[in-house]
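Residues per chain, in single letters:
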Amino acid sequence: MKNQVTTKIDALKNQATSQEEFMNQLAQLDEQGQANPELLDQVNGGVSVNQMPFPVLGLWLDPQNLPF
Amino acid sequence: MSSLLCPSSIAKPGAALFGVQTAAGQIEYLEQPIIVDQTFVDKARQGRAPEERFRFASNCAKSGCGHWDSGQSGCSLVGKVVDAMNRKAAETLGACAIRTNCRWYHQEGALACASCDEVVRNVRIQATTV
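Taken in order, these protein sequences are the chains called C and B. Going by numbering that gives the first Met the number 0, the first residue of the first sequence is number 0, and it counts up by one from there. Going by numbering that gives the first Met the number 0, the first residue of the second sequence is number 0, and it counts up by one from there.
Straight line, CA to CA, 30 Å or less: simulated DSSO-like cross-link-like pairs of lysine-lysine:
no.: 1; chain 1: B; residue 1: Lys61; chain 2: B; residue 2: Lys42
no.: 2; chain 1: B; residue 1: Lys79; chain 2: B; residue 2: Lys61
no.: 3; chain 1: C; residue 1: Lys12; chain 2: B; residue 2: Lys11
no.: 4; chain 1: B; residue 1: Lys87; chain 2: B; residue 2: Lys61
no.: 5; chain 1: C; residue 1: Lys12; chain 2: B; residue 2: Lys42
no.: 6; chain 1: B; residue 1: Lys11; chain 2: B; residue 2: Lys42
no.: 7; chain 1: B; residue 1: Lys42; chain 2: C; residue 2: Lys7
no.: 8; chain 1: B; residue 1: Lys61; chain 2: B; residue 2: Lys11
no.: 9; chain 1: B; residue 1: Lys11; chain 2: B; residue 2: Lys79
no.: 10; chain 1: B; residue 1: Lys11; chain 2: C; residue 2: Lys7
FYI, nobody ran anything at the bench for these hints, they're computed from the structure.
Whole structure, please, built from the sequences with the hints as guidance.
Right under this line is the structure:
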């Protein structure tokens, strides 16, 4: 069984009249998942040398099950 | 052997979109990765950071990445993630479109997968005013 996201993306693909339109629609997909900003700071990830966007890898934890 | 894929890539043309963060904050994995292009990246940057909404994979940069451990010849980040999450490996792994070529899975096996679905990658872009 396909998961909901795959189903949604399949629908976008089927509705799009071109690859460009599909990419545009896909780029706007936002399931509103939120990461805890404090936890985002805990692990600094993907640090590339001499690159302007400096990424930070964050961990999302269920607030109900925080280990601390 | 072809290059292993970093499952924590930024959104860039040629990257493989392989998961979407759900409202619950976890990742739903696509059955097939979607290679994104410049159109996608440009549009996605207009909204919430794409790295907070999606998961992307691209070729592991190895020594070009700050997480590369040349002594171990591997990614040091996945070990941190596994330690931080402290999760047990599942007996049966869920479907993942990049697993067979995933750097993290290659190094940590199912332990990496156990933590992966709660990882998002956040890019903080420095304000650049010229």
